[in-house]
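Chains as they are written, first to last, in numbering that gives the first Met the number 0: chain F, 0 to 451; chain A, 0 to 174.
In case anyone wonders, no lab produced these hints; they're calculated from the structure. Warning: the hint list may mix true and false statements.
[What the hints assert, rightly or not] Simulated DEER-style distance windows between Cβ atoms:
#, chain 1, residue 1, chain 2, residue 2, range
1, A, GLY43, F, LEU345, 56 to 66 Å
2, A, SER90, F, PRO135, 53 to 63 Å
3, A, LYS151, F, GLY448, 28 to 38 Å
4, F, PRO135, A, SER132, 32 to 42 Å
5, F, GLU446, A, ALA174, 34 to 44 Å
6, F, ILE202, A, LYS151, 33 to 43 Å
7, A, SER90, F, TRP136, 54 to 64 Å
8, A, SER132, F, ILE302, 28 to 38 Å
9, F, LYS30, A, THR134, 12 to 22 Å
10, F, THR39, A, SER132, 53 to 63 Å
All C-beta atoms, glycine included, are put in the ideal place defined by N, C-alpha and C.
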Amino acid sequence: MAEAGANSLDVMRGRHDFPEITGRIGSIVLKGRLPRHFWTAFFLCFLLVLLFLYSIIYLISVGVGAYGINMPVVWGTMISNFVWWIGIGHAGTLISAVLLLLRQPWRASINRFAEAMTLFAVAMAGLFPILHLGRPWFFYWLLPLPNVHMHWPQWRSPLVWDFAAIATYATVSLLFWYMGLLPDLAVLRDRARSRAAQLFYGILALGWRGSAYHWARYRIVYFLLAALATPLVVSVHSIVSLDFTFAITPGYHSTIFPPYFVAGALLSGFAMVLTIAIPLRWAFSVEDLITLRHMDNAAKLMIAAGMVVAYGYVSEAFFAWYSGEPYERAMMVQRAIGPYAPLFWLMLSLNCGVLQLLWFKRIRRNMPLLFAIAVAINIGMWIERYIIVVTGPSRDYLPSAWGEQSLTWLDFGILFGSIGTFFALVFLFIRILPAITIFEVEELAEEEGKLR
Amino acid sequence: MSLYGLMAVFADPEALVAAARHMRERGYRRMDAFSPFPMNELDGILEIPKSRLPWVVLAGGIAGAALVYALIWYSVEVDYPINVGGRPLHSWPAFVVIAFEVGILGAAFAGFLGLLAANGLPRYHHPVFNAESFTYARGGRFYLLIEAADPKYRKGVTRGQLTRLGAETVEEVEA
């Protein structure tokens, strides 16, 4: 995995031709001869999928008391999992949409799996608010449907906004992803040998034939969808943060939350991009298409987002003190020395400490080390969400009612189950659809003059 | 079987652009080009009209936002007016959030469905698929199609012109 070399920072390395690019990317899907460790890893993920199913069934049949929440802390890991997953999704949209608008050529080979990552992360995220409900089977009450009670959702509640935001985000991400897939599905349709594969990719490709008239409209709409996704991604995580700030609970009620949450989302999202991309490029030997330049840029974006997050931590603490509000101050002190102090300091050391290693070029280009840092940031960001969710209610306005929540096996069963399900979906995606955008890589090879 | 047109295959994008330009200058109008990735130069040469899809997207966005805002307004003012914490029934700042989200949703659907409608997709039986040479299986092939319905089309002449422009093969495509 280790590749040195200072001049290897191109968006694409080596010389390519169209049949080679198409063949290499397409055959991962069509030949289906994936390395044994691919299936081993998929099997391990599948075990976690089973754990996830078991945990969900247990949770629904026993009730939400089965995981650690208890008065006064009734928001627990379901909410922190939700915020963590939705944040991971945002980096995918940033790569695919914002970098498209900024015409950054380095997005071309990683946007497809970044979008897939978004989609699966949002699918995971969407489960948690529902599991958090005492009676998950009534989640559709959030929709303005004429139900038996003849009443409407509370439109002034951020929880209802959240539902609208997540549903929109999932749908728009799916449309954007599918639209980007169309030309590549046409390639797979033409390459497929078996009748079943021809039918599968043929039907999905909708008869795409690459006409110049079609491409002209395609380009416009693709850019417009990217332009729509950009404000959407900012609004989604801002609305997620409003779930907290609209409450007067100490530690929740803070105006820094929307930008701080968006930056946190990007930090954890880019960490997840690296967590997936580093093994992916190594396992499928596509280091010349997903190059060190991509890894380097993602690491730089991580440190940029991480510094905004660090500013968020400082500002949170400062305004808790500056408010002069005894309960806000007590909450912040308790966060640092109270029952959750070990987690709080672990979070700071990961998100603010370990992150600083990325200032060094040598570390950014050392793949095993970068992978380890990315995993550490993923953990740090999960802890951050947990700290935010839990410490506020645990030190509320009524000191006689102060209390903590515990973490039970079910908290971890659902968290690791969702991680396993996410990766199982990523594996299935790599098996079924091209994980690297064929047509954009070809376009890039043409523009960069990297054709044989 | 009637003839749909002549399909010329080119090995690289520059050859396709050059050929399209030449055929255009010779007065051909009913042409289409096929490429594995978008090529901006072709828009001008084929005189592809400016798409009205941006207006469709805008309309979809406005329609989504307006419909949902109207629904919310109807629910709080007409159908079920209820005093929540002394706030005005029509508390618009809170309602704008959902209207914004649904506006984006409407715009995205309008864009995607509008693109499919404008491109006439899904369509699984287009005549170009009848051409033996037409495939994306090997990635990079660039195709120029001259329709038989073009007034300048003369079977032998057009074929000769395409061959002289460097086409690898020229094939008759049946409709």
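Confirm or reject the claim that F/PRO135 and A/SER132 have a C-beta distance inside 32 to 42 Å. 55 Å, violated
Is the hinted range of 34 to 44 Å satisfied by the C-beta distance from F/GLU446 to A/ALA174? 36 Å, holds
Quick check: does the Cβ-Cβ distance between A/LYS151 and F/GLY448 fall within 28 to 38 Å? 35 Å Cβ-Cβ, so the 28 to 38 Å window holds.
With 56 to 66 Å as the target window, see if A/GLY43 and F/LEU345 comply at their CB atoms. Cβ of A/GLY43 to Cβ of F/LEU345: about 59 Å, so the range 56 to 66 Å holds.
Should the hint that F/LYS30 and A/THR134 are 12 to 22 Å apart at their CB atoms be regarded as holding? 18 Å, holds
If I claimed the Cβ atoms of A/SER90 and F/PRO135 lie 53 to 63 Å apart, would that claim hold in this structure? 29 Å, violated
Can you let me know if the beta-carbon spacing of F/THR39 and A/SER132 is within 53 to 63 Å? 43 Å, violated
A range of 28 to 38 Å was offered for this pair. Does it hold for the Cβ distance of A/SER132 and F/ILE302? At roughly 50 Å between Cβ atoms, F/ILE302 and A/SER132 fall outside 28 to 38 Å, so the hint is violated.
Can you let me know if the beta-carbon spacing of F/ILE202 and A/LYS151 is within 33 to 43 Å? For F/ILE202 and A/LYS151 the Cβ distance comes to about 37 Å; the hint holds.
Honestly, do A/SER90 and F/TRP136 meet the 54 to 64 Å range at C-beta? With a Cβ separation near 30 Å, A/SER90 and F/TRP136 fall outside 54 to 64 Å, so the hint is violated.
The earlier numbered hints that this structure contradicts are 2, 4, 7, 8, 10.
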